[in-house]
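Colleague: Between the sequences and the hints, there should be enough to build the whole structure, so can you do that?
There are 2 protein chains.
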Amino acid sequence: MALFEEEMDTSPMVSSLLSSLANYSNLTQGSKEHEEAENNEEARKKTVQAPRMGTIMGVYLPCMQNILGVILFLRMTWLVGVGGILGTFIIVFMCCSTTMLTAISMSAIATNGVVPAGGSYYMISRSLGPEFGGAVGICFYLGTTFAGAMYILGCIEILLIYIVPAAAIFKMEGLEGAEAEAALLNNMRVYGTIVLSFMALVVFVGVKYVNKLALVFLACVILSILAVYAGVIKTSFDPPFFPVCVLGNRTLVSKGFDICAKTIEQGNATVTTKLWRAFCDSEFLNATCDEYFTSNNVSQIQGIPGITSGILAENLFTTFMEKSSILEKRGIPAVLDPEATVANTNRYVLADITSFFTLLVGIYFPSVTGIMAGSNRSGDLQDAQKSIPVGTILAITTTSIIYMSSVFLFGACVDGVVLRDKFGEGVNGNLVIGTLAWPSPWVIVFGSFFSTCGAGLQSLTGAPRLLQAIARDGIIPFLRVFGHGKTNGEPTWALLLTACICEIGILIASLDAVAPILSMFFLMCYMFVNLACALQTLLRTPNWRPRFKFYHWALSLLGMSLCLTLMFLCSWYYAIVAMVIASCIYKYIEFCGAEKEWGDGIRGISLSAARYALMRLEEGPPHTKNWRPQILVLMSLDGEQSVEQPRLLSLTSQLKAGKGLTIVGACVEGTYLNNQPQAQKADQSLRKLMEVEKVKGFSQVVISSNLRDATSHLIQAGGLGGLRHNTVLVSFPKNWKQAEEHHRCRNFIEVVRETTAAHLALLVPKNISAYPSNGERFTEGHIDVWWIVHDGGLLMLLPFLLLQHKVWRKCKIRIFTVAQMDDNSIQMKKDLMTFLYHLRFDAEVEVVEMHDSDISAYTYEKTLVMEQRSQILKEMHLTKNEREREIQSITDVSRGSIRRKNPSNLHPQRSIAEESVYVMYFSIFVIIHLNLTLTKKYFAIFGVLYRNQSNVRRMHHAQKLNGVIVKKSQEAKLVLLNMPGPPKNRTGEENYMEFLEVLTEGLNRVLLVRGGGREVITIYS
Amino acid sequence: MALFEEEMDTSPMVSSLLSSLANYSNLTQGSKEHEEAENNEEARKKTVQAPRMGTIMGVYLPCMQNILGVILFLRMTWLVGVGGILGTFIIVFMCCSTTMLTAISMSAIATNGVVPAGGSYYMISRSLGPEFGGAVGICFYLGTTFAGAMYILGCIEILLIYIVPAAAIFKMEGLEGAEAEAALLNNMRVYGTIVLSFMALVVFVGVKYVNKLALVFLACVILSILAVYAGVIKTSFDPPFFPVCVLGNRTLVSKGFDICAKTIEQGNATVTTKLWRAFCDSEFLNATCDEYFTSNNVSQIQGIPGITSGILAENLFTTFMEKSSILEKRGIPAVLDPEATVANTNRYVLADITSFFTLLVGIYFPSVTGIMAGSNRSGDLQDAQKSIPVGTILAITTTSIIYMSSVFLFGACVDGVVLRDKFGEGVNGNLVIGTLAWPSPWVIVFGSFFSTCGAGLQSLTGAPRLLQAIARDGIIPFLRVFGHGKTNGEPTWALLLTACICEIGILIASLDAVAPILSMFFLMCYMFVNLACALQTLLRTPNWRPRFKFYHWALSLLGMSLCLTLMFLCSWYYAIVAMVIASCIYKYIEFCGAEKEWGDGIRGISLSAARYALMRLEEGPPHTKNWRPQILVLMSLDGEQSVEQPRLLSLTSQLKAGKGLTIVGACVEGTYLNNQPQAQKADQSLRKLMEVEKVKGFSQVVISSNLRDATSHLIQAGGLGGLRHNTVLVSFPKNWKQAEEHHRCRNFIEVVRETTAAHLALLVPKNISAYPSNGERFTEGHIDVWWIVHDGGLLMLLPFLLLQHKVWRKCKIRIFTVAQMDDNSIQMKKDLMTFLYHLRFDAEVEVVEMHDSDISAYTYEKTLVMEQRSQILKEMHLTKNEREREIQSITDVSRGSIRRKNPSNLHPQRSIAEESVYVMYFSIFVIIHLNLTLTKKYFAIFGVLYRNQSNVRRMHHAQKLNGVIVKKSQEAKLVLLNMPGPPKNRTGEENYMEFLEVLTEGLNRVLLVRGGGREVITIYS
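In order, the protein sequences belong to chains B and L.
Residue 255 in UniProt numbering sits at position 255 of the first sequence, with consecutive numbering throughout.
Residue 638 in UniProt numbering sits at position 638 of the second sequence, with consecutive numbering throughout.
Possibly wrong hints are sitting among the right ones.
Which copy? The list can't say, so a pair holds if one copy fits it or any two copies do.
What the hints assert, rightly or not - No farther apart than 30 Å at their CA atoms in a straight line, the calculated lysine-lysine pairs in the DSSO-like style are these:
(1) 386 <-> 812
(2) 737 <-> 967
(3) 549 <-> 830
(4) 694 <-> 549
(5) 984 <-> 681
(6) 967 <-> 829
(7) 810 <-> 386
(8) 960 <-> 830
(9) 549 <-> 810
(10) 656 <-> 386
(11) 549 <-> 806
(12) 549 <-> 696
(13) 829 <-> 386
(14) 806 <-> 386
(15) 968 <-> 806
(16) 549 <-> 812
(17) 960 <-> 984
No lab work stands behind these hints: they were computed from the structure.
Computed from a predicted structure; not experimentally measured.
Modeller: Below, the structure is given as structure tokens:
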């Protein structure tokens, strides 16, 4: 491949790349992480050789097992009873939609490239960046941990209420209301802690067995569900016999009596039942009884009327209950004295909590979590990119169908009274869902017991691993300790922390209270998954190419808003707490400055934002009201590419231009190919200086074959779109009189010309090295503004900007202006003060009168010296080196074009005239040096005769003005002055420099200011 | 001023500027609006000559009059009664703080320059821009209009309830509960409409009289307040006698009985009173009476116990009431059968609405509005900048003191039962605040009546004017009709609309329902004032220099959040509605594209945002995951400065680079001073083309003395900060073989070199004019990628990007790669497919075997022709024009430096060798043309003997590769191909072009791609 041999040393041939890919060793990939992953190749290869799992075993079944769980068995019937079929269906539908949409987003993320073995946390952190990733990871971890607590609580609930109620440590018998509740909770706490310790021990000792038992647990769940379906079918022809005893319309606790009647005929005598004794003060028929007992009949109703009974219609709508209200059967008339207080409340089935719609949402949601179980196993999958979407979505579909069907089936088979009876107190303490099951309620009881045990174990296994993964990423420094583990890699410390957090959940003790907490954390996590997918789709990064095609940003956004809605529906304060936790973690990670080479998918946001903001700006120049200096600082570099006048940047930073745009530009002579190192060095020294001087902005170093072009380029093309400079800051050329600095001087004048042409403002500090550094503080003194020409008002604005900086804060502003012969200086001062008042500037005002006077001999002399020197310079140019000539030739060309445009400049004649004048001046110059006073008159005559008066007049004016300024502002800390424009034709260039020199003579710090041809201050609001 | 004579034509001398300022005629100000204002000079001068107002008359009193009003008289007592002193104080304090903070923000805005005569709407719209200004203006207008409705309702409430209850059209006597309420509301509606029509007529006929009466109305208010204070003082020694009759602890409506007792001793007999008859079925002592009446005593309590009575303690806390609950006196024991239903409800004083804290906020807030009254008069003020802050803040302080003191005084003087009695039903139908007044309640009744009338009139005067101002601004097109007015400028249509909207408020009929509505609108308006101030302070625009110094962004932000809090406190749904209305208006104005030259103060936001976003981006290059092409398109221009290859931009837009950054660059030769017009023309044609081709990006035209430098500049310095290009798109030079295009060809090769040096990717479309336009649609066909060298993967990414565009959507991607002798092509294909699978690219894969073969004679011939031509070219360069020579000299210099670096290139020897080879080749060339087949062998020998083999091998490879490509991809819609690198030394430059030409021969569209030396695709997620 001779043609591409230049590339061979940097880029591999495709064939060699491919062969390197095939044995996973040398993929050119910038990320450290991946390199590390490759270093762990041996470790991974083992896994690779282990039989990898397919969709069903690897994703579908684990997802199923994680999704179906405790809530289905312990709360689903109650949810249907309280929320009604419709209400519960809405909840189930919402929650299932949320997980389905999240699964779609997750599938897109999971199929966008090789998924690392770490599962969903890695997936999210790698696509959202360390900050979001860490926050979401912690949320996911907390969710899983609290899920563990929930499973343990559920497990104990089954144990204590349905299997061995006798095992309760705190006896609930005979206690009423709050006390019974407290006893139950305490039982939960004690047993919960015991179970948690035991489970943690199991996880610590042998995590392998836990994973192996997973399928057994799943089998339990599926068996239980099948039993329920079988039971439902059975109810259609042979409903099971679960009678509920009601007094009037109040459901009675079945414990404590055997026969559902007030009296029975025993032999011939009417004997009172246990029930009678519970409500009356004696067992005799004439006993005093509870008023309600007396006035209402006892009746027995069928608890499971069966699917054909039409009970569905009765269960259709919601029946929310206050805490401790009595479960009442609808449709049975009861005699009730509304004033009588309810007695014997422990005989009735009472609502244990106040129920309302949003509570139901919070309690239900945990039963749809677990959708990430598949993606968590990405490392063990044969084809993760195919299995994860298919398996997860199938699992969600299956479980959604199970949930939705059970809502209808429960509502259609079971009486509302039984449904709302959370702990089955009215049906002999049976698990309500168990009553429906065939062949026996015990199938469900044990099935659910084992499944909750298993789920609890799995949570305790999974959560520490997740924490370990987060800790090992190192994005959250204080978690680092949890990254360590036993020698076999088991995360001991993480397990301990998990157990501790889990214990918090167990101390809460109520399943109904823990459920919303974990709902929050899972919802946060799901929300971010959706967000990640939506953002990446909308930002259209080229590397966002998921294999899974059926995603859409609208779906993800819908999923996200559903998550948010559910969060606030469940409980707005938990939602806020969860968000605060997440944002604290986010900020903490940001603060710690995690610099992971992950490349967050949302970094594109900043790019898009910057682009969008720039696009918006391009609409046009800002209004005068919004004008702010956006400075291009032209720095000159010495031979070592370091900055010659660092004080230029001090001045920039003192102008507070940091609030506007600042571009610091510098030029390097040469070509890009050869002088790149110099340019980089220059850029580095610029950046370093900018950091020192606290100038926030951008640096641009341009390499060009000549200084003039490079400078011109910076002025032309600095900035981008709307972010362009409107002001150029360049220092006055030092030693411009020296011949070797001549090209710099020329460049300076060209800069002045170009800024004028480009309508840019120009700031020229003279004697820049005398300017104060950012550390100095002037404790007094003045900033003097000499306002001679109004070219936009920049002159007035600058001292105001300077005053905002610490260096100049204590200075006072004085504004001087010059009144000429025909001006009324008193009126001028008054007008000026009004103007300044309207401009909201605080400044002293002074009007200096400057009357025309005779042109002094000194002026003539100065003019002469000046003109002579520029002539000498001109001659010298002929001996300059090649580079200089080049510039000359260019400028000659341009000059030529000007001349062509101005045919009035008759060049040949002029040059002859100049020649002769030169000769004459030179002779006069000699005479003057011999005897100055004597030749004054002659000189004047000669000057008037042979020269254009212009130079003399200018020199005269410059000198006069300088005199006034020096007189008034000698002591000023800074003098701001209008900068005169350069001569239109190029012949007067050297003279121009001389004028500027004369104008600023004797002043320490002068800032020459030229407006950009537009107003920058306004008196209007 | 000879020195500044260049400036004289563009910028005025200060003295002339000042004199022009003094007579307000020629201020250089960009804004049209101000010019218009100046055109209306005559109109204004009249006003100027009219006596202008000072702080007291112009700001303080109008503000006072607007702030104090109907709520103080009609609801304040009730608020204190229901909310308690503490609760009400909190409300008053919050509301007053809000207005105070808003006033501070407003003062800052008002003193930032000359305030136009239009008042607060102008102020806000000019500082926030037309969108916000319009939205806020409409909110302010709606607020003022609803305030009008509220005043009218208040006025009628006073009239119907306190002055002439007999005037009611729908009689309320004898009606109970809902019916009485409905009757009252209907009365309000009928009378309200009548009053509104009357007031509208008054405003229509004579607005002058309204303004003149303002002071009279204010006098009424102040008199009333003084009367209250006087009354309070009087209570301390002689509390007025306003007894309240209570039955048990229930307050009785005083109407309908005269004596507060069940029976009285008349003569010796005990006679029943009217009260008895109201509660019993007959007037006899043995009559059957209301149970409550029988079991409780009737007693009379002092309604105004006076300030010394210590009633304050009793009124300290809140006493919220349900609607229709009975007003009960605290601390009086009453016998009550809790089961008995309440009878005779119309005898008791009932709560007319359910009260709760947030309702009170909504009802109270309107009494602190009106703080803009001063700034609305800015046009009539002598010194607006001084008067507005001082007057407004003073007025707010005064009124705040009045409100806060009255909260305490009412609470300390009046019994809670009376306070909560909204309509004074328990105190003979007196206005409750009136009972406190001295000398007579009627002072207050009439005072408040007139003040509400006046305030209503003023609202109806002000609102249409505001609407007219908004309409005249023309930012909301559909409002334009309301800008017209009568010949005298009175806004007739606007008045009509205002009256209609006002009527809506009146139809609501309840003061308590209208108050929160207008609160919303005013709060929105205040919020934006605070926002404007906070933003401008934080953005630090140089032109934000308010004369009023006591503002701070934190105060404004606090004010803003207070406004927001109050809005949501009052009523979250009204708040949302108000916000929706405001944002609809905002979007509408934005949609209509109001291009006002106002310069919104918040435009700085976009600038700051752009700068901030750019700064963030500068942190470093993005991760591979986020890589997206940011293209610099180098366009070439023809002599007319129009674009030579517009299809380059079509291709750019097809690459969807719009989602990344696009910079379209072009070069103009010359100097900035002379060639600016050409550059502008070029820029325009670029922009126009970009618009046509839908390329969103930035254009940059650079003028430089030579093409090479200009191109180099664009490559070096295009973009800013983090927004830099990473890919250069340049078309393959057409006709590069022609001598006159030689410099372009050289430039092209330098571009290739520079992009490589700068680590930029390079895209070179050949035959660009054959590329499809954006309008074309390929319905089938292939995009063929010839992947020979892996230099980052851009080659693979590009077809994926192209496929996202409509033009290419239906094409299929084929990836070809070349297997050489020692490659296993079957394994390669397999690996490649896996790789593509991981990369998530869908493409056909083909591995083409290319075995080495003998170098054909044709290759030698081609090589010969090539080398010969480049030799001829070299000679021709000597005769090129001056410009060419210039470039040559530069490149010579650079070349020189290269040679110095590579001393191995022994130039002198080489050139001799080349000479001889040239001669030999030339002879062979002649022979070939005579008889080609015969001389093959000779040629080969010659070539091998005399030439470096490199060129031959390259040519051989290029030809072979080309053969394969043409065979496979002849029909492809586009062929993507790795671009070989340029030769390291410059001697082979012409040959390089020839190689490229050979490589791409016979293909219609070829896109040569060179990676930028970094990975742009990754298989990792």
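Colleague: All the hints need checking, so say for each whether the structure fits it.
Modeller: Hint check:
1. Taking the shortest Cα distances, residue 386 and residue 812 sit within 30 Å of each other only across copies (23 Å), while inside one copy they are farther apart (74 Å).
2. Taking identical chains as interchangeable, the C-alpha atoms of residue 737 and residue 967 lie at most 30 Å apart only when both belong to the same chain, with a minimum of 26 Å there against 70 Å between chains.
3. Taking the shortest alpha-carbon separations for residue 549 and residue 830, only the inter-copy value of 24 Å comes in at or below 30 Å, while the best intra-copy value is 76 Å.
4. For a Cα distance limit of 30 Å, the shortest separation of residue 694 from residue 549 across copies, 28 Å, qualifies, whereas the shortest one inside one copy, 49 Å, does not.
5. Taking CA atoms no more than 30 Å apart as the test, residue 984 paired with residue 681 passes between copies only; the shortest distance there is 24 Å, against 38 Å inside one copy.
6. For the identical chains of this complex, residue 967 and residue 829 are intra-copy neighbours only, at 19 Å inside a copy versus 88 Å across copies, given an alpha-carbon limit of 30 Å.
7. Taking the closest pair of Cα atoms, residue 810 and residue 386 come within 30 Å of each other only across two copies (25 Å); inside a single copy the shortest separation is 71 Å, beyond that limit.
8. Proximity of residue 960 to residue 830 under the C-alpha cut-off of 30 Å is restricted to the intra-copy arrangement: shortest distance 25 Å within a copy versus 88 Å between copies.
9. Proximity of residue 549 to residue 810 under the C-alpha cut-off of 30 Å is restricted to the inter-copy arrangement: shortest distance 17 Å between copies versus 66 Å within a copy.
10. Taking the shortest alpha-carbon separations for residue 656 and residue 386, only the inter-copy value of 29 Å comes in at or below 30 Å, while the best intra-copy value is 57 Å.
11. When the C-alpha separation of residue 549 and residue 806 is checked against a cutoff of 30 Å, the pair qualifies only between copies, where the shortest distance is 18 Å, while the shortest distance within a copy is 59 Å.
12. Proximity of residue 549 to residue 696 under the C-alpha cut-off of 30 Å is restricted to the inter-copy arrangement: shortest distance 28 Å between copies versus 44 Å within a copy.
13. Within a single copy, residue 829 and residue 386 get their C-alpha atoms only as close as 84 Å, which misses the 30 Å cut-off; across copies the closest is 22 Å, which meets it.
14. In this homomeric assembly, residue 806 and residue 386 come within 30 Å of each other (Cα to Cα) only across copies, at 29 Å, whereas the closest approach inside a single copy is 63 Å.
15. Taking identical chains as interchangeable, the C-alpha atoms of residue 968 and residue 806 lie at most 30 Å apart only when both belong to the same chain, with a minimum of 25 Å there against 72 Å between chains.
16. In this assembly of identical chains, the alpha carbons of residue 549 and residue 812 lie at most 30 Å apart only when taken from different copies (17 Å versus 68 Å within one copy).
17. With identical chains, the CA atoms of residue 960 and residue 984 are at most 30 Å apart within one copy only, with a shortest distance of 23 Å there and 63 Å across copies.
Comparing the model with each numbered hint stated earlier shows that all of them hold.
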